[in-house]
Amino acid sequence: MTQKIDPLKKMNWFDRIAHPGQFLKWSGYLILPLAILSAILFGVGLWFAFFNSPEDYQMGNTVRIMYIHVPNAWLSQLVYVMMAVSAIGTLVWRHPLADVSMKVAAPLGAAFTTMALFTGMLWGRPTWGTYWEWDGRMTATLILLLMYLGIIALWRSFDDQLRAAKLIAIITLVGVINIPIIKFSVDWWNTLHQPSIVSTEGLSMPASIYTPLLIMTFAFTVLFALLQTNATRTEILRRKADRQLRKSLNKENG
Amino acid sequence: MKAFLSILLRDIKLATSSFGDMLTLVLFFIMIGVIVPIAIGPDKDLLALIAPGVIWIAAFLSSLLALDKMFRQDFDDGSLLAMRHASISFEAIVFAKLIAHWLTSILPLIIATPMLALMLNMNAQILTYTIISLTVGTPALISFGAVGAAITVSLRRGGLIAPVLILPLTLPILIFGVSAIKTGTGVGTQGTALLILGAISLVTVAFTPFASALALKLTQE
Amino acid sequence: MKAFLSILLRDIKLATSSFGDMLTLVLFFIMIGVIVPIAIGPDKDLLALIAPGVIWIAAFLSSLLALDKMFRQDFDDGSLLAMRHASISFEAIVFAKLIAHWLTSILPLIIATPMLALMLNMNAQILTYTIISLTVGTPALISFGAVGAAITVSLRRGGLIAPVLILPLTLPILIFGVSAIKTGTGVGTQGTALLILGAISLVTVAFTPFASALALKLTQE
Amino acid sequence: MPNKEAYSSQQINVSKLSLIRSERLILSDVNFSVKSGKAIFLRGDNGVGKTSLLMAIAGYLHIGAGEISWRTDNDNEEENSLIDNLHFIAHQTAIKPTLSLKDNLMFWCTLYGGAPEKVIDALKTVGLSHAIDFEAGLLSAGQKKRLSLARLLVANRALWLLDEPTSSLDREGDKLVANLIDNHLERGGIAIIATHLDLNIKNAKTFILTKTNQHGEIA
Amino acid sequence: MPNKEAYSSQQINVSKLSLIRSERLILSDVNFSVKSGKAIFLRGDNGVGKTSLLMAIAGYLHIGAGEISWRTDNDNEEENSLIDNLHFIAHQTAIKPTLSLKDNLMFWCTLYGGAPEKVIDALKTVGLSHAIDFEAGLLSAGQKKRLSLARLLVANRALWLLDEPTSSLDREGDKLVANLIDNHLERGGIAIIATHLDLNIKNAKTFILTKTNQHGEIA
Ligand code: HEM
Ligand SMILES: Nc1ncnc2c1ncn2[C@@H]1O[C@H](COP(=O)(O)OP(=O)(O)OP(=O)(O)O)[C@@H](O)[C@H]1O
Ligand SMILES: Nc1ncnc2c1ncn2[C@@H]1O[C@H](COP(=O)(O)OP(=O)(O)OP(=O)(O)O)[C@@H](O)[C@H]1O
Ligand SMILES: [Mg+2]
Ligand SMILES: [Mg+2]
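Residue numbers (the working numbering), protein chains in the order written: chain A, 1 to 254; chain B, 1001 to 1221; chain C, 2001 to 2221; chain D, 3001 to 3219; chain E, 4001 to 4219.
Simulated from the structure, these hints should not be mistaken for laboratory data.
Don't take each hint at face value.
What the hints assert, rightly or not - Straight line, CA to CA, 27 Å or less: simulated DSS-like cross-link-like pairs of lysine-lysine:
| no. | chain 1 | residue 1 | chain 2 | residue 2 |
| --- | --- | --- | --- | --- |
| 1 | D | Lys3124 | E | Lys4102 |
| 2 | B | Lys1044 | C | Lys2182 |
| 3 | B | Lys1182 | C | Lys2044 |
| 4 | B | Lys1013 | E | Lys4102 |
As the list claims (entries may be wrong) - Chain C is nowhere near these chain B residues, computed Cβ spacing over 12 Å in every case:
| no. | residue |
| --- | --- |
| 5 | Phe1028 |
| 6 | Leu1118 |
| 7 | Tyr1129 |
| 8 | Val1203 |
| 9 | Val1205 |
Since this is a predicted model, take the numbers as computed values, not measurements.
Glycine residues also receive a C-beta, built at the ideal position from the N, C-alpha and C atoms.
Let's have the full structure, built from the sequences with the hints guiding it.
As structure tokens, then:
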């Protein structure tokens, strides 16, 4: 008598809703609301940012880059935290969905980090007169990007994605412990040699700037949730299709 | 010809199918550019001064460290032995592998150069020179490298030995490579350096497949 | 204890019996020191200015590139699998291998430092600081490195991926390592940097064997 | 044979075992048990899952479903776990080419807590006595296999997992393997052997793995 | 069998051959010859020098003394050399794990100037037809061996050098190898096979290498 493997048997509620099959079902209902919410937030935020917030007395209109820059910079860090949480899920609970979420978050994180760097550089040109400055925060962000890219390279180096997940989880966790140390050391390193040319704390933050910034941050965060959910679904479906293909191959050829 | 192409295509396919490897190499190249400022301090003038040297060092080290990829796997799994009975000459096979290696390991580095240039505060003109200099000089680099890789492929832990063996031989490439970038070193020196670099590349590319093939044959005794 | 020592001794014996490997690593270390002046020009003041950075970069890259040696061979020939049934815990085995690796790969570099210092125009005091800084910082470097090496050991062409993965994580070591050398950067900063470096080393050496052992177990599934 | 102390009585049970590798169900519902003094041959076509099954018993593979259990009369807690009581001889030989045969074996002997005196005897038993101080890298395929089999004799583990132990061996080598196993069983040991060959061993049963699930997928 | 064209008639002679590896005399005074349609089994104890002899014939080892010669009726100068007329199947499988079975074999087919149509047939012949588009890295030991044997069928070389072709194979695999060789001989091919197994091949003689010189030193 063959023993049936029923993955849904003996699972608590959390494992149930987070099981890949189940996730595919309920997350489908999430896509549209998230898309609408982020569209609204972007609409409102961008309107505020471009038409209803003051120019900076020093930086003029270029201050508007901030509404893109700061949310992306914030997400660059949030995504890593999310990846680390998924890493725990992979290692401790051996949860199949955690694998997937960890994997799809890396390119998203890299994208947000790239955006933060890119907008920062665009902003740096008019304000500091240079695209790149080895300032502590900028350097730390660059290092974060390198970490994301290293993790992506690692994913792509493994043939067996299941084994890869557990191994990458380990390095992700080692990384999360290290991020504060990196930040601290880079700040310390820079202040040793020369003070920043423009201190970012120098910006005053009246409500007319603060409000759109908050809305934009929220908008980008929702966008991330949307992209993450969608990418997770795509990856699950891709793995399923992969398996299906192999199965049909076998049936055909005996 | 068909067999020649089949080697070329297979090697490119193998390299791109392990996309992670290519990305890794590019990252390594960029990281060298990043650790230099971190180690020697963020002084911008100083950085601009040493930028051409730093980029060439990064390309130099990355190319040398990528050498091991050229023959290692085919040696380990017995493919190289089996290739000696192919319908084309073994030298032609080695030549095809050399071309594939340049396309999959060196070209990506050259494409990534602008990113490094930006961080090192290079201007557009110098960046252009840098790219030209790398394009002309790297074929010589990996041709020499191929000999080193062939000689050391049978050593079980090849990683660093080929680079160390080849590095002294390739120092001229580094020297002329950097000279071909630096402006203001006197009228014409830049062009001359580039010409010499090109000449070295042509000669080495023509000769090294024979030396590499011979080394591979001997190493398999 | 006897088993722990037997690992340690075996690894040291293996490393010294392939003396060529050790020599290669030292040569690589020195060569980085040589190509920097060649690439950026022979200005003596400039060289003295960047010398501590260059030495740390050389040590940093050499150590990262030597990582692959830590587990690769034992993985490939099945020794690591067999070690899981040993009479001591697998974590202890990994720890022994870590120590052996430091002794056979890093210590030779530190011993070779004076030669590099000479070429880079360093004075005796700074050389002393450099040696202390390297001695205190490198254990942390290879502890992080061991995790990277363990994770990537099953990849057939591991060469560069572990260094690329680990390099960003270990930049603080580079930063504090260089700071612990540079004099004249304000009262006390040098000492502070050294203290922080030591603290990082202690903590990582204590924890990473567990992470590495876990990675090695998972990689063999 | 050098070592004649008996092992304590023990038993291994594999019940309802399913194995999954790379999301493919390799084996399902495998049931067997072996106890002290008995051996089992795993047989089956190429790719049916013999090696995978041995690896699962050795604890290298995550088990999809079912159970592998180990019972022993010895109530010493420490020595009680399966992983500390077995020795796996795989295709890979775990031989260092730059060390001499003796050093190679001595290392494993110490690591497994065996008695150092046994090393030379073990090399003699596997027919390598003339090459004790040779570098192991110079050995032929079959000689390497013999050296890795010698590990069994110094490790003193009750459960032997052997994956094609006779591959590359000559006729005499086949007999040697059969002898080693017979002696091991006499001492109260257990052996699980994946092989395509007929080995002449008294207390052995055969367990045939079948291809039903090959390349099958999990729902 | 896909390909039935006959090879031109040829013969290989090994005379008074001595082989030296790492300054040790491995073999001395080896004499035999085989001609079209015949096979020879190399037998002998582990470490006697079977693999070394095959490597010497394939041209990988420097020959100490004696001669290996190749004669053929075909007077086309280009195809006349030994090295272009043989195929060596060694322990190493020459398989790329990231390519599919088909891509793996197709590459060798093109490289050896074989006909691309033969690839699928060859995979079928060695019993891997169900896995044509699989990545080769997922194969078991025996399946890998089968894939490397398939190279023989696409390469179309007259002289086969086979080093333990049946290692890792199941019973059916042993028969497969015997069949492949039989067919090859029928077409006028030659095979030299180092093996410890009895393969059932009609036109085969056995050549036994003896241990006289093992580990002897050269003065
Ligand atoms: C490539 C260059 C730059 C990078 C990598 C970068 C990175 C960052 C990061 C990581 C944050 C923190 C976000 C958070 O934690 O929520 C941030 C915030 C910020 N950045 Fe940038 N930045 C760059 C250039 C600039 C420039 C040129 C300016 C303006 C002169 C600027 C102004 C700000 C402001 C106003 C904030 C928000 C305030 C704060 O969180 O302290 N940044 N940036
Ligand atoms: N690379 C090498 N360098 C020097 N000597 C070697 C080398 N490889 C093998 N030998 C020696 O050559 C002799 C013959 O080895 P070979 O591998 O040819 O034996 P074999 O007959 O194929 O044995 P087996 O049946 O075990 O495969 C052995 O004594 C071995 O020690
Ligand atoms: N690392 C791996 N990842 C995923 N699948 C694998 C892996 N190794 C082997 N397999 C698959 O598992 C199945 C069983 O392989 P295994 O090596 O256990 O077979 P085996 O019975 O030992 O065969 P053989 O007699 O050829 O050695 C095969 O179908 C194979 O394709
Ligand atoms: Mg097997
Ligand atoms: Mg042999």
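Quick rundown of the hints versus the structure:
1. For the hint linking D/Lys3124 to E/Lys4102, the alpha-carbon distance of about 46 Å lies beyond 27 Å, and the restraint is violated.
2. About 19 Å separates the Cα atoms of B/Lys1044 and C/Lys2182, which keeps this hinted pair within 27 Å; it holds.
3. For a cut-off of 27 Å, the pair hint linking B/Lys1182 to C/Lys2044 stands: about 19 Å separates their Cα positions.
4. The hinted pair formed by B/Lys1013 and E/Lys4102 meets the criterion: a straight-line CA distance of about 14 Å does not exceed 27 Å.
5. At roughly 5 Å, the least C-beta separation between B/Phe1028 and chain C is not larger than 12 Å, which violates its mark as non-interface.
6. Chain C leaves B/Leu1118 outside its interface by the beta-carbon criterion, the shortest separation being 19 Å against a cut-off of 12 Å.
7. Its beta-carbon lying about 15 Å from the closest one in chain C, B/Tyr1129 satisfies the requirement of being farther than 12 Å from that chain.
8. For B/Val1203, the condition that its CB be more than 12 Å from all CB atoms of chain C holds, with the nearest at approximately 22 Å.
9. Listed as outside the interface, B/Val1205 is consistent with that label: its C-beta sits roughly 23 Å from the nearest C-beta of chain C, beyond the 12 Å cut-off.
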